[in-house]
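Student: Given the coordinates of chain A, assemble chain B onto it according to the supplied hints.
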Amino acid sequence: MDRQGSSQITRRDFLKMTTLAGIGVAATACGISPKSTGGNIKGITINYLGWEGYDYEKALVPLTEPNKIVVSSTYGGSNDEIFSKLKAGGSGQYDVVSIYHGTVDSMIENNLIQPVDTDRLTNWGDIMDAFKNQPWGTSGGKRYNVPFTHGNTPNAYNPKFVPNGIESWNDLKKPEFKDKIVILDEALQELDIALIASGTDVSRLVTKDELNKAMEWYLPLKANARALVPSYGEMADVMAREEAWLSSGTWVAIIGWAKEKGTVLEWKVPSEGTYGWCDNYVIPVGANLDAAYAFINQMTSPEGQKELAIYLNQWMTNKKVIPLLPPEMQADYKDMDAMLAKTPFPPSPPQSSDDPNIATYQDYVATWEKIKVS
Amino acid sequence: MVFLFLAPIFVFFIYSFWRLEGFEIIREWTLENYVHVIENKVYVQLIVRSIGIGMITGIVTVLLGYPVAYAMVFRMKAEREMILLLMILSLFSSYLVRVYAWKTILGNNGVINHILMTLRLVQEPVSWLMYSKLAVIITLASVFLPITVLPLYSSLMNISYSLIEASRDLGAGPAQTFRKVTLPLSMHGVIAGFIFTFVLTAGDYVTPALLGGSNGMMIGNAIASQFGVASNWPLGSAITFFVVATLVLLFVLGGVLFKKMGLRG
Numbered sequence: 419m420d421r422q423g424s425s426q427i428t429r430r431d432f433l434k435m436t437t438l439a440g441i442g443v444a445a446t447a448c449g450i451s452p453k454s455t456g457g458n459i460k461g462i463t464i465n466y467l468g469w470e471g472y473d474y475e476k477a478l479v480p481l482t483e484p485n486k487i488v489v490s491s492t493y494g495g496s497n498d499e500i501f502s503k504l505k506a507g508g509s510g511q512y513d514v515v516s517i518y519h520g521t522v523d524s525m526i527e528n529n530l531i532q533p534v535d536t537d538r539l540t541n542w543g544d545i546m547d548a549f550k551n552q553p554w555g556t557s558g559g560k561r562y563n564v565p566f567t568h569g570n571t572p573n574a575y576n577p578k579f580v581p582n583g584i585e586s587w588n589d590l591k592k593p594e595f596k597d598k599i600v601i602l603d604e605a606l607q608e609l610d611i612a613l614i615a616s617g618t619d620v621s622r623l624v625t626k627d628e629l630n631k632a633m634e635w636y637l638p639l640k641a642n643a644r645a646l647v648p649s650y651g652e653m654a655d656v657m658a659r660e661e662a663w664l665s666s667g668t669w670v671a672i673i674g675w676a677k678e679k680g681t682v683l684e685w686k687v688p689s690e691g692t693y694g695w696c697d698n699y700v701i702p703v704g705a706n707l708d709a710a711y712a713f714i715n716q717m718t719s720p721e722g723q724k725e726l727a728i729y730l731n732q733w734m735t736n737k738k739v740i741p742l743l744p745p746e747m748q749a750d751y752k753d754m755d756a757m758l759a760k761t762p763f764p765p766s767p768p769q770s771s772d773d774p775n776i777a778t779y780q781d782y783v784a785t786w787e788k789i790k791v792s
Numbered sequence: 002m003v004f005l006f007l008a009p010i011f012v013f014f015i016y017s018f019w020r021l022e023g024f025e026i027i028r029e030w031t032l033e034n035y036v037h038v039i040e041n042k043v044y045v046q047l048i049v050r051s052i053g054i055g056m057i058t059g060i061v062t063v064l065l066g067y068p069v070a071y072a073m074v075f076r077m078k079a080e081r082e083m084i085l086l087l088m089i090l091s092l093f094s095s096y097l098v099r100v101y102a103w104k105t106i107l108g109n110n111g112v113i114n115h116i117l118m119t120l121r122l123v124q125e126p127v128s129w130l131m132y133s134k135l136a137v138i139i140t141l142a143s144v145f146l147p148i149t150v151l152p153l154y155s156s157l158m159n160i161s162y163s164l165i166e167a168s169r170d171l172g173a174g175p176a177q178t179f180r181k182v183t184l185p186l187s188m189h190g191v192i193a194g195f196i197f198t199f200v201l202t203a204g205d206y207v208t209p210a211l212l213g214g215s216n217g218m219m220i221g222n223a224i225a226s227q228f229g230v231a232s233n234w235p236l237g238s239a240i241t242f243f244v245v246a247t248l249v250l251l252f253v254l255g256g257v258l259f260k261k262m263g264l265r266g
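Here the protein sequences come in this chain order: A and B. When you number the first sequence by my numbering, it's gap-free, plus one each residue, and the end is 792. When you number the second sequence by my numbering, it's gap-free, plus one each residue, and the end is 266.
FYI, nobody ran anything at the bench for these hints, they're computed from the structure. Positions of the beta carbon are idealized from the N, C-alpha and C atoms, including for glycine. Careful, some of the hints might be misleading.
[Stated by the list, open to error] Lysine-lysine pairs mimicking DSSO-like chemistry, simulated, CA-CA at most 27 Å apart: (1) LYS134(B) - LYS591(A); (2) LYS788(A) - LYS78(B); (3) LYS679(A) - LYS104(B); (4) LYS677(A) - LYS104(B); (5) LYS596(A) - LYS134(B).
[Claimed, not checked] Which bits of chain B does chain A cover? Going by a derived footprint, with three or more residues having C-beta under 8 Å, they are: (6) 17-23; (7) 43-49.
Bound conformation, chain A alone (with noise of 0.2 Å):
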């Protein structure tokens, strides 16, 4: 009997079928469908530019073990890094680039992005509306970003010390807090903190007037600080340390640095607020399109969402993410919509203006050394 012209299936038939289907399903379920990938990525090289960590290889595995891809990342230090890398001929040479949401809009401006085609996105019906509806990230009516996490900027404080942390930024000025508080040196952090605390809006871009107001709140709290940090894990250990019973602005990833050096830190988003960042996906011209697609579906899929908030300690985007974190991630999430709403975007300040008043990203560092100087 000539078993190739059969119709029977063999046992090994059936096995390797379902084997395929399995494959199949596991593959819809992490956000592989044949409508993410749209083309045959077997094989295939995913170029990742960006932040470091935003492309966990554990979060990627669903994608790249079963398809054999290769992601080969390139990382930058800064937005500004990011950007130049991009724009400094790097057309063609990116599938994907993760970027602060300030820069989006530049890299539209600049045409080094092009847009994304949400039908091609299997999970961006679940991604949280208030990143959807932010005014960055749109021009001509077409979206250009897929924003994936989001995190704010709180006052970090050693609960040992200061048992309920501070109600108003303006406490960071008391006498009590003298050479007890760490600041990071870092323009754009200090200076949109000083922004609120001294009532602008954070929104929109800020004129220069503003700024120097807020140069002037900011000048007793820098009068108060003990240290000065080029980083956040410098931040961590100066306050592990005790040397600082407070920070000024923080990233909430250093609460759990300095557990890990054994002393424990809470953060808290004084009454007048704070801003928020989120970072997205964004796809360069010249990208292969399902590379770029598969790489940003597994990481914008529950599963992959999950990996990277656990990794990162960070908040995602995606809603269905929620009910897979640990309880103690979970509690985050539950008045977010609430603080999301009141939560301002600040844009980057642009690195010129035709009009005169608005502060420049030059006009932030020139404004920042007068501080750090005094």
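Tutor: Relative to chain A, chain B alone:
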């Protein structure tokens, strides 16, 4: 060799006459970066602060290094090579490791505060030891001390011992011999050691960033900021060459002063 040294300097010199617009470097000749540096009090303040810290550190290292070099040459001849080897070995240790080591010595929970508290000399940790200009000077002095000792040692080794013996034979005491013979003859080493430390210290930006606290920023940090976060290479280059010009001017003035004092460097 000269090309490798001069080429990057020349490139940055050219950059200092260009300007940044948006994210683009506009290759049009302009003096606006230099005007900005001169008009901006921040940079002048930082240069003055950096020169001050550089001078203090240079003086401290010479004052600490001179007795070491003197002892190696005239008092500890048998141990001389071992001490010299240890000095050179210390230069192999990472600069950053030494900076972090000082954090564990000067901090609130550091060695010094621990001793002071144990001896009940203070009730609470002395906070000004760390995150201050003092912390920067102490750390930089410790880092650059071996570099200062080497030219001091070399200049003292070149002094003919017969001159010292002649001074003593003619009735001069040890102090007078040191003041009239040894010190003037070793002045080349003193000046070289001071200049090495001064130049390296005044341009440093790592130690001020890690230990300088909220008032320890130096001109190196401002330059790093322009080349880094601000991406303004033309302005960063202009600040750099303004600092270089200031230091050259200082050395010329110093040379004139030494000449008037009868010393030649």
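Student: Are the hints correct? Go through all of them and say.
Tutor: Each hint, compared with the structure:
1. Between LYS134(B) and LYS591(A) the CA atoms are separated by roughly 22 Å; this keeps the pair inside 27 Å, and the hint holds.
2. For the given pair, LYS788(A) sits about 53 Å from LYS78(B) by alpha-carbon distance, which is inconsistent with the 27 Å threshold.
3. Our distance criterion of 27 Å between C-alpha atoms is met by LYS679(A) and LYS104(B), whose separation comes to about 16 Å.
4. A distance of roughly 20 Å separates the Cα atoms of LYS677(A) and LYS104(B); the hinted pair therefore holds under the 27 Å criterion.
5. Between the alpha carbons of LYS596(A) and LYS134(B) the distance comes to roughly 17 Å, so the proposed pair stays at or under 27 Å and holds.
6. Here's how the stretch 17-23 of chain B fares: 3 of its residues keep a CB closer than 8 Å to some CB of chain A, so the rule of at least three is met and the hint holds.
7. With 3 residues carrying a beta carbon less than 8 Å from a beta carbon of chain A, the stretch 43-49 of chain B meets the three-residue requirement, and the given coverage holds.
Violated hints amount to a single one, hint 2; each of the other numbered hints is respected by the structure.
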